[in-house]
Amino acid sequence: MTGPGEGNELTLHLVQDRGLLGTRGVTGSVTWDSSIALSRLLYGQPEFLPERARPKGRQVVELGSGCGLVGMTCAALGARRVVCTDREDMIPHLERNIRANAVVIASDAPERPFGTKGGQSGRKGKGKRKGKSLDEEAGATSTDTPDREIMTAELEWGRGLGRDGGRTRGDPLTQLFTNDPPDLLIASDCVYNECVTPLLVSTLVDLSGPETTLVVAQELRSDLVHLGFLEALMESFTLDRLYPTEGGDGMRMVIPDVSADVPVVIYMGHLRSDLVDDDE
Numbered sequence: 001m002t003g004p005g006e007g008n009e010l011t012l013h014l015v016q017d018r019g020l021l022g023t024r025g026v027t028g029s030v031t032w033d034s035s036i037a038l039s040r041l042l043y044g045q046p047e048f049l050p051e052r053a054r055p056k057g058r059q060v061v062e063l064g065s066g067c068g069l070v071g072m073t074c075a076a077l078g079a080r081r082v083v084c085t086d087r088e089d090m091i092p093h094l095e096r097n098i099r100a101n102a103v104v105i106a107s108d109a110p111e112r113p114f115g116t117k118g119g120q121s122g123r124k125g126k127g128k129r130k131g132k133s134l135d136e137e138a139g140a141t142s143t144d145t146p147d148r149e150i151m152t153a154e155l156e157w158g159r160g161l162g163r164d165g166g167r168t169r170g171d172p173l174t175q176l177f178t179n180d181p182p183d184l185l186i187a188s189d190c191v192y193n194e195c196v197t198p199l200l201v202s203t204l205v206d207l208s209g210p211e212t213t214l215v216v217a218q219e220l221r222s223d224l225v226h227l228g229f230l231e232a233l234m235e236s237f238t239l240d241r242l243y244p245t246e247g248g249d250g251m252r253m254v255i256p257d258v259s260a261d262v263p264v265v266i267y268m269g270h271l272r273s274d275l276v277d278d279d280e
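Residue numbers for the sequence shown follow full-length UniProt numbering, beginning at 1 and rising by one.
Treat the hints as calculated values from the structure; they're not laboratory data. One or more hints might be untrue.
[Stated by the list, open to error] With a straight-line cut-off of 20 angstroms between C-alpha atoms, the simulated SDA-like cross-links for lysine to any residue are:
1) K56 - E211
2) K56 - R80
3) K56 - H270
4) K56 - P46
5) K56 - Q45
6) K56 - D89
7) K56 - P181
8) K56 - S107
9) K56 - Y267
10) K56 - G209
11) K56 - A106
12) K56 - R81
13) K56 - G269
14) K56 - G78
15) K56 - V104
16) K56 - G44
17) K56 - D180
18) K56 - M268
19) K56 - V103
The whole structure should be built from the sequences, with the hints applied where relevant.
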């Protein structure tokens with residue numbers, strides 16, 4: 001697939017662990033269609049995205065990062081900081097993928113074709129839990145301040161990070177953003193049954209501020225589950241559909257290398273004004 005420029009190629013190597021799929025509640029050990037579609041939209045079709053939904057120069061938090069494709073794409077596109085979050089048992093798998101792509105992500109923000117290479121591993125990775133920068137992963141020795149950073153953090157949905165002061169000083173996201181909400185909040189294929197919806201939505205609200213842009217990608221598997229998720233989101237966010245949709249000139253947006261038959265929808269949202277504290 002071609003990006004906004006020509007001549008070079010960006011390849012992200014993804015380790016997938018299908019053995020983890022047998023673990024209760026674990027779905028992030030493989031890469032799903034919605035993550036691929038969103039990554040290709042971010043990289044290959046930026047003209048369809050409002051400026052606030054573009055990663056370059058922004059602080060990004062991704063929920064349910066899994067293999068890390070979307071977060072790494074944001075980092076490669078020049079996001080100032082990316083925090084990839086997931087459950088504790090998924091962090092080693094996520095960090096393994098970030099390590100494998102550290103040099104690529106740390107290079108200049110690409111304007112070049114985008115591709116992925118998938119692998120499979122049955123081994124359990126080991127790694128520290130929080131806050132490793134690209135310089136550390138790539139073994140860089142430069143003392144220059146890096147213009148981008150990607151790291152991981154444990155995040156269990158529904159644990160009450162609370163914009164109303166519920167965050168604690170030890171909370172990694174509080175430490176990373178110094179109590180400033182992220183510019184861009186991403187969730188890709190995080191809803192696989194109705195039970196996770198209230199937990200996910202409450203965490204999205206907790207992490208959002210008045211200037212935070214939410215981008216949600218979801219594969220349509222169950223109309224009932226999807227509608228319930230949308231209803232819960234719209235209680236706290238204003239939503240616009242980014243994909244599938246038509247551009248301003250009436251031309252239908254096509255995500256390169258993503259079949260129109262893939263049932264993926266992508267939404268952009270912002271926290272409702274009546275939920276924003278007056279002092280924010």
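### Task
Mind checking the alpha carbons of K56 and H270 for me, to see if they're no more than 20 angstroms apart?
Measuring from Cα to Cα gives roughly 19 angstroms; hence the hint holds.
### Query
Between K56 and Y267, does the CA-CA distance stay at or below 20 angstroms?
holds, 19 angstroms
### Task
Could you grab the alpha-carbon distance between K56 and V103 and see if it respects the 20 angstroms cut-off?
At roughly 18 angstroms apart (the allowed maximum being 20 angstroms), V103 and K56 satisfy the hint.
### Message
Tell me if the straight-line CA distance from K56 to D180 falls inside 20 angstroms.
### Response
The hint holds at about 18 angstroms.
### Query
Are the Cα atoms of K56 and G44 separated by 20 angstroms or less?
Holds, at roughly 14 angstroms.
### Message
Check whether the Cα positions of K56 and S107 lie no farther apart than 20 angstroms.
### Response
Distance of about 14 angstroms is within 20 angstroms: holds.
### Message
Run the distance test for K56 versus D89: straight-line Cα separation, threshold 20 angstroms.
### Response
violated, 30 angstroms
### Query
Does R81 lie within 20 angstroms of K56 when you go C-alpha to C-alpha?
Within the cut-off at roughly 10 angstroms; holds.
### Message
Hint check: K56 vs G78, CA-CA at most 20 angstroms. Holds or violated?
### Response
holds, 4 angstroms
### Message
So if I understand the rule, the pair passes when the alpha-carbon distance is 20 angstroms or less; does K56 with P46 pass?
### Response
holds, 11 angstroms
### Task
For the pair we were handed, K56 and Q45, check the Cα-Cα distance against 20 angstroms.
Holds. K56 to Q45 sits at ~14 angstroms (cutoff 20 angstroms).
### Message
Against the 20 angstroms threshold, does the CA-CA distance of K56 and P181 hold or violate the hint?
### Response
holds, 17 angstroms
Against the hints set out earlier in the document, a violation occurs for number 6 only.
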